[in-house]
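Q: Listed below, chain by chain, are the residues.
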Amino acid sequence: MLDKALKGSSIYWGWLIVLLGFIGTGFLVYLYQFQEGLRITGMSRDVSWGFYIGQFTYLVGVAASGVMVVLPYYLHDYKAFGRVTILGEFLAVGAITMCLLFIMVDLGNLPRLLNVILYPNPTSILFWDMIVLNGYLFLNIVIGWNVLSAEKKGIHYPHWVTPLIYISIPWAFSIHTVTAFLYAGLPGRHYWLTAIMAARFLSSAFCSGPAILILFCLIVRKFTRFDPGKEQIRTLSSIVAYAMILNVFFFLLEMFTAFYSQIPGHMHPIVYLFSGLEGHAKLVPWMWTAACFAILALLLLIVPATRRNENTMILACISVFISTWIDKGFGLVIGGFIPNPFEKVFEYWPTLPEVVISLGVWAMGFFVLTVLYKIAVSVKEEVAA
Amino acid sequence: MMAMDRRRFLKITGLSALLGLGGKTAFEWLAPGEAEAAVQQATKIAGKKWGLALDVTLLDEEIMSKSIEACHAYYNVPNVGNAKEEIKWLWKETYDHSFPGQENEYLADKFKAKKFLLLCNHCTNPPCCRACPTKATWKREDGIVMMDMHRCIGCRFCMAACPYGARSFNWGDPRLASKALNPNFPTNPDIPTRSKGVVEKCQFCAERLAKGQMPACVEAANKIKPNAMVFGDLEVGDSNIRKALRSRYSIRRKPELGTGPNVYYLI
Amino acid sequence: MYDRGKIVTGIVIGLLLFLFPVFYNVGRAAKEPDPVLTDKAKQAKECVEPKAFMKTEHMKMLDKWRQEVVRDDLRTYKSTSGKTYTKSLQNTCMDCHSSKSKFCDQCHNYMAVAPYCWDCHIAPKENG
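Chains as they are written, first to last, in the working numbering: chain A, 1 to 385; chain B, 1001 to 1267; chain C, 2001 to 2128.
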């Protein structure tokens, strides 16, 4: 089926070449980072994780969201989603590819990456994260490929795929729970030390991922002869709506605990993010932007008229993306480190090399996604014919 | 021989390659081990639970500076020159930054101005060791939370896990730190430097303990004022540190987190 | 053959890339390694282990040493000759073999290996 990726329109090839450009540039700048060390990023002794890990966290959520199409279809026989499960699974593959790449570019000593396998430490959540992420990648590749391949041949997929599909459903929840555990178990970081971290992660995953999937479905409809379907998109938008409501609700719960208890450790990171601490306020405009887009998204998603109208729904999905990306891909990681363990504020901002490398990784993910989507769509077009 | 299609050929080749590699590894794993030629050195100071008590009343800024100098000089800790990439194993902080949960608006002026020495607490229940995916940092049997620079992959999870900000990362190559700020680098040719991309911190001078010497900071401080720093085995009931802890009131940093820090501040 | 032009071109390019190291290094044979012992090493007569063993096994031995010193805190080595040594690249091995360029690098450069030991472990200062 890979040959389907080798035949495409000029737009397809043009897009891939643009992506290759970003990938190449990102790679060259990464070589510079490899040579100089991570000092070329904005990270510091106090904010020791930054943009890379933030992007990783956000993308694990996007990857987990594949389950939002798989679960209704396989567990509840919601036949309509049969058209889009493959798109959800391939989205997961692209997202996990980006996650793994972001971890790799963030490591201080990348050549020693295999130490995690050679000298494993089962008490480390990073160890488990490596296992569940790679497992989920493997599951989605195998399931997606085999189901698509069977669809192409017009037969039922082989029976050994079925248990894998059933495993992939709780596994999807696990990848984001384990990623949340990276943060939620650290005693010194009060912004993260909350039981609701995993629930927040899952809820933001299940609104941001399907929102992205909706946007991709619309792009697929526009550029190919395969239409994922109006009903499918409508159901997905309902999922985004409920998940976004939960996401915002959980955040408000955090605000209540922090500000009603008045405990400084709980309040200070949120105060830093939304109003600034000791004169440091780099993230304030960003967090309020996220909040505004979240409110806009909620309005557009809750009101049935705007949810059903495709144009306003697109706006809602973009709003969800912007809001969750800022909150999770940026605010979450940095908020955990500020103020530092000495109650001092040392701010963080990504540097240009950091951003270029990150764009390279995103481009790599989009490259994988484009190729896989091309294959999936070509098969579906062929079958429909 | 039956006709084979391309797909089957590729499958068989791939599987053989995997088995071939796996077989070699398995063979090496199962091969009989070599005879142990490692021997415990005679000079080592042994202990069960190393701890450090800092006498806040005796430690003034001069002694603290000297002990920091001794530590950083012994271990070739570079002066990177900016707060962003700073590497510090032992350093000074004011009261409210050393003990953030103990804010006190009406604290006596002499304490408000006082500096405290901070370092890795070599916790009894260290979150950093739980977090490390490769056991590049782990708790030894004698209580020291040790770093293995050969194994660290630079993921910095331990830095996120440490509630005390005790860990530093080599954001760049320490040997390339400014010559103006590090005129005699490396200050100690007997101890390796580190490379870029690994985390480092105080290790209670494990190398010196092995040679029968006290930690560098303790030696430097006590030279100026005896018993300014008391290093000893918390498990031994009549050790100097236990005696000090019995006779004086002491506090630790953030004990409510359950980490069990083993650095005590004798008030 | 279908696409003969493309295939042959591809094979030629592939061969050129694959054999590039050969072309690049034609006429530039590396100098035969000539490790020189310092006076101190000559006086000591024997290394931690016999020369033949060290030649083939020093890499594994150093790897074992670093594991044992750092992780197990076992810092003394009892050689097959019965003598004890402190396990340390920069303080024991390089105490005798104090010229990295005249000793260690000789074989390493010839074999085109670049062990990263000296990124951290300090090689003794060399004169001139």
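None of these hints come from the bench; they were simulated from the model. Just so it is clear, CB atoms sit at the ideal spot from N, CA and C, and this is done for glycine as well. Treat the hints with caution; some may be incorrect.
[Claimed, not checked] Think about it this way: if two alpha-carbon atoms lie no more than 25 Å apart in a straight line, the pair counts; the simulated SDA-like pairs of lysine to any residue are:
| hint | chain 1 | residue 1 | chain 2 | residue 2 |
| --- | --- | --- | --- | --- |
| 1 | B | LYS1211 | C | GLN2090 |
| 2 | B | LYS1112 | A | ASN340 |
| 3 | B | LYS1179 | C | LYS2060 |
| 4 | C | LYS2100 | B | ASN1188 |
| 5 | B | LYS1179 | A | ILE40 |
| 6 | C | LYS2078 | B | ILE1045 |
| 7 | B | LYS1135 | C | MET2059 |
| 8 | A | LYS344 | B | ARG1007 |
| 9 | B | LYS1139 | C | CYS2120 |
| 10 | B | LYS1139 | A | LEU193 |
| 11 | A | LYS4 | B | ASN1184 |
| 12 | C | LYS2125 | B | ASN1184 |
| 13 | B | LYS1044 | C | GLN2090 |
| 14 | B | LYS1092 | A | GLU347 |
| 15 | B | LYS1115 | A | PHE342 |
| 16 | B | LYS1084 | A | PRO285 |
| 17 | A | LYS344 | B | ILE1267 |
| 18 | C | LYS2060 | A | LYS344 |
| 19 | A | LYS7 | C | LYS2042 |
| 20 | C | LYS2125 | B | LEU1181 |
| 21 | B | LYS1135 | A | THR177 |
| 22 | C | LYS2078 | B | HIS1150 |
| 23 | A | LYS344 | B | ASP1238 |
| 24 | A | LYS153 | B | ASP1005 |
| 25 | C | LYS2100 | B | ILE1045 |
[As the list claims (entries may be wrong)] So the derived list for chain B, only partly shown, Cβ under 8 Å to chain A, looks like this:
| hint | residue |
| --- | --- |
| 26 | PHE1009 |
| 27 | PRO1100 |
| 28 | ASP1109 |
| 29 | LYS1135 |
| 30 | LYS1139 |
| 31 | ILE1153 |
| 32 | ARG1156 |
| 33 | MET1159 |
| 34 | ALA1161 |
| 35 | ASN1170 |
| 36 | PRO1186 |
| 37 | ASN1188 |
| 38 | ASP1233 |
| 39 | GLU1235 |
Q: Take the hints in turn and mark each one as holding or not.
A: Hint check:
{"no.": "1", "hint": "B:LYS1211 with C:GLN2090", "verdict": "16 Å, holds"}
{"no.": "2", "hint": "B:LYS1112 with A:ASN340", "verdict": "20 Å, holds"}
{"no.": "3", "hint": "B:LYS1179 with C:LYS2060", "verdict": "36 Å, violated"}
{"no.": "4", "hint": "C:LYS2100 with B:ASN1188", "verdict": "18 Å, holds"}
{"no.": "5", "hint": "B:LYS1179 with A:ILE40", "verdict": "20 Å, holds"}
{"no.": "6", "hint": "C:LYS2078 with B:ILE1045", "verdict": "20 Å, holds"}
{"no.": "7", "hint": "B:LYS1135 with C:MET2059", "verdict": "23 Å, holds"}
{"no.": "8", "hint": "A:LYS344 with B:ARG1007", "verdict": "61 Å, violated"}
{"no.": "9", "hint": "B:LYS1139 with C:CYS2120", "verdict": "23 Å, holds"}
{"no.": "10", "hint": "B:LYS1139 with A:LEU193", "verdict": "24 Å, holds"}
{"no.": "11", "hint": "A:LYS4 with B:ASN1184", "verdict": "63 Å, violated"}
{"no.": "12", "hint": "C:LYS2125 with B:ASN1184", "verdict": "13 Å, holds"}
{"no.": "13", "hint": "B:LYS1044 with C:GLN2090", "verdict": "20 Å, holds"}
{"no.": "14", "hint": "B:LYS1092 with A:GLU347", "verdict": "21 Å, holds"}
{"no.": "15", "hint": "B:LYS1115 with A:PHE342", "verdict": "13 Å, holds"}
{"no.": "16", "hint": "B:LYS1084 with A:PRO285", "verdict": "23 Å, holds"}
{"no.": "17", "hint": "A:LYS344 with B:ILE1267", "verdict": "24 Å, holds"}
{"no.": "18", "hint": "C:LYS2060 with A:LYS344", "verdict": "47 Å, violated"}
{"no.": "19", "hint": "A:LYS7 with C:LYS2042", "verdict": "70 Å, violated"}
{"no.": "20", "hint": "C:LYS2125 with B:LEU1181", "verdict": "21 Å, holds"}
{"no.": "21", "hint": "B:LYS1135 with A:THR177", "verdict": "23 Å, holds"}
{"no.": "22", "hint": "C:LYS2078 with B:HIS1150", "verdict": "23 Å, holds"}
{"no.": "23", "hint": "A:LYS344 with B:ASP1238", "verdict": "39 Å, violated"}
{"no.": "24", "hint": "A:LYS153 with B:ASP1005", "verdict": "18 Å, holds"}
{"no.": "25", "hint": "C:LYS2100 with B:ILE1045", "verdict": "33 Å, violated"}
{"no.": "26", "hint": "PHE1009", "verdict": "17 Å, violated"}
{"no.": "27", "hint": "PRO1100", "verdict": "4 Å, holds"}
{"no.": "28", "hint": "ASP1109", "verdict": "20 Å, violated"}
{"no.": "29", "hint": "LYS1135", "verdict": "5 Å, holds"}
{"no.": "30", "hint": "LYS1139", "verdict": "11 Å, violated"}
{"no.": "31", "hint": "ILE1153", "verdict": "4 Å, holds"}
{"no.": "32", "hint": "ARG1156", "verdict": "5 Å, holds"}
{"no.": "33", "hint": "MET1159", "verdict": "4 Å, holds"}
{"no.": "34", "hint": "ALA1161", "verdict": "5 Å, holds"}
{"no.": "35", "hint": "ASN1170", "verdict": "7 Å, holds"}
{"no.": "36", "hint": "PRO1186", "verdict": "18 Å, violated"}
{"no.": "37", "hint": "ASN1188", "verdict": "22 Å, violated"}
{"no.": "38", "hint": "ASP1233", "verdict": "26 Å, violated"}
{"no.": "39", "hint": "GLU1235", "verdict": "24 Å, violated"}
The earlier numbered hints that this structure contradicts are 3, 8, 11, 18, 19, 23, 25, 26, 28, 30, 36, 37, 38, 39.
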